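> Please model the complete structure; the sequences and the hints are all you need to start from.
2 protein chains.
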Amino acid sequence: MRLSQFFMPTLREDPSEAQIVSHKMMMRAGMVRQASAGIYSWLPLGLRVLRRVETIVREEQDAAGCLELLMPTIQSADLWRESGRYDDYGKEMLRIRDRHDREMLFGPTNEELITDIFRAYVRSYRDLPKLLYHIQWKFRDEIRPRFGVMRGREFLMKDSYSFDLDFEGAKRAYNKMFVAYLRTFARMGLKAIPMRADPGVIGGDMSHEFIILASTGESQVYCDRALTERDVLGTAVDYGADLQTEVDRWTTPYAATDEMHDAAKAAALGDRLVEARGIEVGHIFYFGTKYSKPMNATVAGPNGEPVLVEMGSYGIGVSRLLGAIIEASHDEAGIVWPDSVAPFAVGLVNLKPGDGACDRLCDDVYARLRKAGTEVLYDDRSERAGVKFADMDLIGLPWQVIVGPRGAKGGQVEVKRRASGARDELGVDAALARIAR
Amino acid sequence: MRLSQFFMPTLREDPSEAQIVSHKMMMRAGMVRQASAGIYSWLPLGLRVLRRVETIVREEQDAAGCLELLMPTIQSADLWRESGRYDDYGKEMLRIRDRHDREMLFGPTNEELITDIFRAYVRSYRDLPKLLYHIQWKFRDEIRPRFGVMRGREFLMKDSYSFDLDFEGAKRAYNKMFVAYLRTFARMGLKAIPMRADPGVIGGDMSHEFIILASTGESQVYCDRALTERDVLGTAVDYGADLQTEVDRWTTPYAATDEMHDAAKAAALGDRLVEARGIEVGHIFYFGTKYSKPMNATVAGPNGEPVLVEMGSYGIGVSRLLGAIIEASHDEAGIVWPDSVAPFAVGLVNLKPGDGACDRLCDDVYARLRKAGTEVLYDDRSERAGVKFADMDLIGLPWQVIVGPRGAKGGQVEVKRRASGARDELGVDAALARIAR
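Chains as they are written, first to last, in my numbering: chain A, 1 to 437; chain B, 1 to 437.
Because the hints were derived from the structure by calculation, they are not lab data.
As the structure is a prediction and not an experimental result, all values here were calculated from the model.
Worth double-checking, as some hints may not be accurate.
[What the hints assert, rightly or not] Listed below are the simulated SDA-like cross-link pairs for lysine to any residue, each with C-alpha atoms no more than 25 Å apart in a straight line:
(1) Lys388/B to Ala120/A
(2) Lys91/A to Asp62/B
(3) Lys352/B to Glu383/B
(4) Lys388/A to Leu128/B
(5) Lys352/A to Asp127/B
(6) Lys91/A to Phe6/B
(7) Lys293/A to Phe7/B
(8) Lys388/B to Val122/A
(9) Lys293/A to Glu82/A
(10) Lys371/B to Gly288/B
(11) Lys371/A to Leu233/B
(12) Lys388/B to Lys171/A
(13) Lys371/A to Ala241/B
(14) Lys352/A to Ser124/B
(15) Lys388/A to Leu67/B
(16) Lys171/B to Arg81/B
(17) Lys388/B to Ala436/B
(18) Lys171/A to Phe6/B
(19) Lys171/A to Thr257/A
(20) Lys171/A to Arg2/B
(21) Lys371/A to Glu59/B
(22) Lys371/A to Asp62/B
(23) Lys191/B to Thr73/B
Have a look at this one:
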């Protein structure tokens, strides 16, 4: 993509309304624009990252045997009356009356609707287990939306729901999602620590939040340092196998949010204790028959008797993740995208458009990168070098290839790795080989 | 995907509420489930087709130089007051008050919001032309939603918007979208005829509807038979070139919807006149400064003076297309998906699960198809052969590979092409070669 033909309105100054670094940088990089309080338009650069994050989430859900469907944004109030949540949910639910004065709402979550789909079709224990998910825009009418996409009102969420015949089955589903979440966040370059969360009225230990450690995090968290040093992606997962041992390996060391914090256990860690700020990016939750009971979602069990299905739900804040990734990966100059979610792999900077040697060399690099299937943003604008360097650092593409008139004469380009700042003068072949590595 | 592990709740009977064939078949094939009047959940099979249709739309927009962004579903009423449409739009607009009693709405279209984005960032004629699009859920509160996804309330639409300095530029943008639309629909196996549509208050001839001919169409249409016999995809398009000749080639022969019908011109066609029912799947529209003027969207022209930008909008009903494709491509037994949008390329039918030879042969075919990157739905259920044949015809996958105990002993399978009904007994190698062709 040539930047002269792209739509990436970068800003020189921090927008006054932005309080945290990810919000500032997303606005300055031209990734999002606020449409109303807590509601954002995703400009082309931001949308590219959103789609990459969404794709990683989807791939890991699919790998875990979760089936994708798509529920609508607008729901009928009737289902929420069945579960008893219509009155409980309070003002965060965006309530709507249609032209026939029927009570509707913009879904803040989907337990009711998925339970309704399940009970309409699934009749027998032989059809279980079922793990279903969708990735859809949700709305929660926060009283004070802030921090950009980190706490917006309209946000993209992946929510999965498991249906099982008994607690043992529900636990297997929970463990699958537990492991899938570890892999999902690791693929985005994040260290997400599963921490025991409040299981609410259900009790038990089957509720975990996945927390990113970042100095700008919204809450205080505590964990064993060992949890922050693990390699998650080193071995493949067999989702057909029993994953309990793997889950235990993560849940045995101490890790807790402020609400669940146990000072004595934390103190016992000595210098292995990490105290940090955390950002929640996922939450998995077993809730048994909380919805199947009031909504009468049963299957015929092995002896023909109706059995209420055991359920769990599993959420990832997809749009929120963009903020979390930036909070965890940036420097003074801007964003530092992990390779897996970067909007383009390479930024190609022509320091002197109009100069024959620069243009030819850039055209050559651009064509060869594209031919190799590498996504490249080519800054062909007539701007000062300083503006180009600042914009390229700000938008945080993993690699920069910088072409100036002096080097271009000798066929040399500068290759810069955004994360480390390491720079090298190389010939074009060597530069392309470095990037492809 | 093994059908035993999939979620595809097929129905034996036509649902009573469905009046047209596409609605009946989408319900029976387990593609969608109605959540509320005119609001659907997309079950896994339906979602797969929706994504394929969406991908074709996206690829052709990108090829035409249109940049993708994503605007939110919930908009502020303020922008619609600026354009004057908030009061005009009537009851089809879903109006909402948030917790702070601010007037919001679920976007039925996005002229106001995209104009607001444009005017916030684009300053100079040098930044033009700009073609922007998004693919997002819209809501129109139809008084009587019907025909399934063909006239739903919550629906997925691709809408593009062009911004140009003058009429000539706007015409170039219009022509790009005109040609991109021809290609988009042709890639889905559809014959879409561009027909002059009512240009409304703007006048002129720059408004076309793209109409699929189908006996169950919603409106009467007329056109020159020559338009129905053209090969659209035979030659590549250069979107940098002047496309006026190509557009003229399509707009010169007679083609009109009922509202624009000219009986004398139609009669002059003699036996080349096609009278048919039509389904609108796209609409392109030039509207000049209709929004830029009240919303003051200007750029600095070549002499520094502010110039109101010339705009057009270009819509494709993405979710509606699934209904239109089925209306245009089905038979008594069910859907006949064109290869390009089929949810799976191949349905593999094991007529006797548990039979050693059948299972081994099916496992082999399944593994080899997957290895070749072919998407296959493997019916491994313990159901009667009749049920399996009926389901497979109903869901309309382009190829069926049928494995029964007699053939399996000799390594033979039956390959059936869904569209033609042609069947052949073949060895596995020959069967796979046939499908890959």
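> Hints first: check each against the structure and report whether it holds.
Each hint, compared with the structure:
1. Straight-line distance between C-alpha atoms of Lys388/B and Ala120/A comes to about 21 Å, which keeps the hinted pair within the 25 Å bound.
2. Distance hint between Lys91/A and Asp62/B is unfulfilled; the C-alpha atoms sit about 41 Å from each other, more than 25 Å.
3. The straight-line distance between the Cα atoms of Lys352/B and Glu383/B is roughly 9 Å, inside the 25 Å bound, and the hint therefore holds.
4. A distance of roughly 21 Å separates the Cα atoms of Lys388/A and Leu128/B; the hinted pair therefore holds under the 25 Å criterion.
5. Simply put, Lys352/A and Asp127/B have alpha-carbon atoms about 19 Å apart, close enough for the 25 Å limit, and the pair holds.
6. Among the hinted pairs, Lys91/A with Phe6/B is inconsistent with the structure: their alpha-carbon atoms are about 37 Å apart, more than 25 Å.
7. Under the criterion of a C-alpha separation no larger than 25 Å, the hint pairing Lys293/A with Phe7/B is consistent with the structure, at around 22 Å.
8. With a CA separation close to 18 Å, the supplied pair Lys388/B and Val122/A stays within the 25 Å bound.
9. Distance restraint check for Lys293/A and Glu82/A: the Cα-Cα separation of roughly 10 Å lies within the 25 Å cut-off, and the hinted pair is therefore satisfied.
10. Distance hint between Lys371/B and Gly288/B is unfulfilled; the C-alpha atoms sit about 52 Å from each other, more than 25 Å.
11. Between Lys371/A and Leu233/B the alpha-carbon distance is near 24 Å, which keeps this suggested pair within the 25 Å criterion.
12. A C-alpha spacing of about 33 Å is found between Lys388/B and Lys171/A, which places the hinted pair above 25 Å, so the restraint is violated.
13. The straight-line distance between the Cα atoms of Lys371/A and Ala241/B is roughly 23 Å, inside the 25 Å bound, and the hint therefore holds.
14. At roughly 22 Å between alpha-carbon atoms, Lys352/A and Ser124/B fall within 25 Å of each other, so this suggested pair holds.
15. Distance restraint check for Lys388/A and Leu67/B: the Cα-Cα separation of roughly 21 Å lies within the 25 Å cut-off, and the hinted pair is therefore satisfied.
16. Among the hinted pairs, Lys171/B with Arg81/B is inconsistent with the structure: their alpha-carbon atoms are about 28 Å apart, more than 25 Å.
17. With a C-alpha separation of about 23 Å, the suggested pair Lys388/B and Ala436/B falls inside the 25 Å cut-off, and the hint holds.
18. Taken as a hint, the Lys171/A and Phe6/B pair is honoured in the structure, with Cα atoms around 21 Å apart against an allowance of 25 Å.
19. Taken as a hint, the Lys171/A and Thr257/A pair is honoured in the structure, with Cα atoms around 22 Å apart against an allowance of 25 Å.
20. Restraint check for Lys171/A and Arg2/B: satisfied, since their Cα atoms lie roughly 23 Å apart, inside the 25 Å limit.
21. Taken as a hint, the Lys371/A and Glu59/B pair is honoured in the structure, with Cα atoms around 18 Å apart against an allowance of 25 Å.
22. Pair hint Lys371/A plus Asp62/B holds up; C-alpha atoms about 17 Å apart against a cutoff of 25 Å.
23. Of the pairs offered as hints, the one joining Lys191/B and Thr73/B is violated, with about 31 Å between alpha carbons and a cut-off of 25 Å exceeded.
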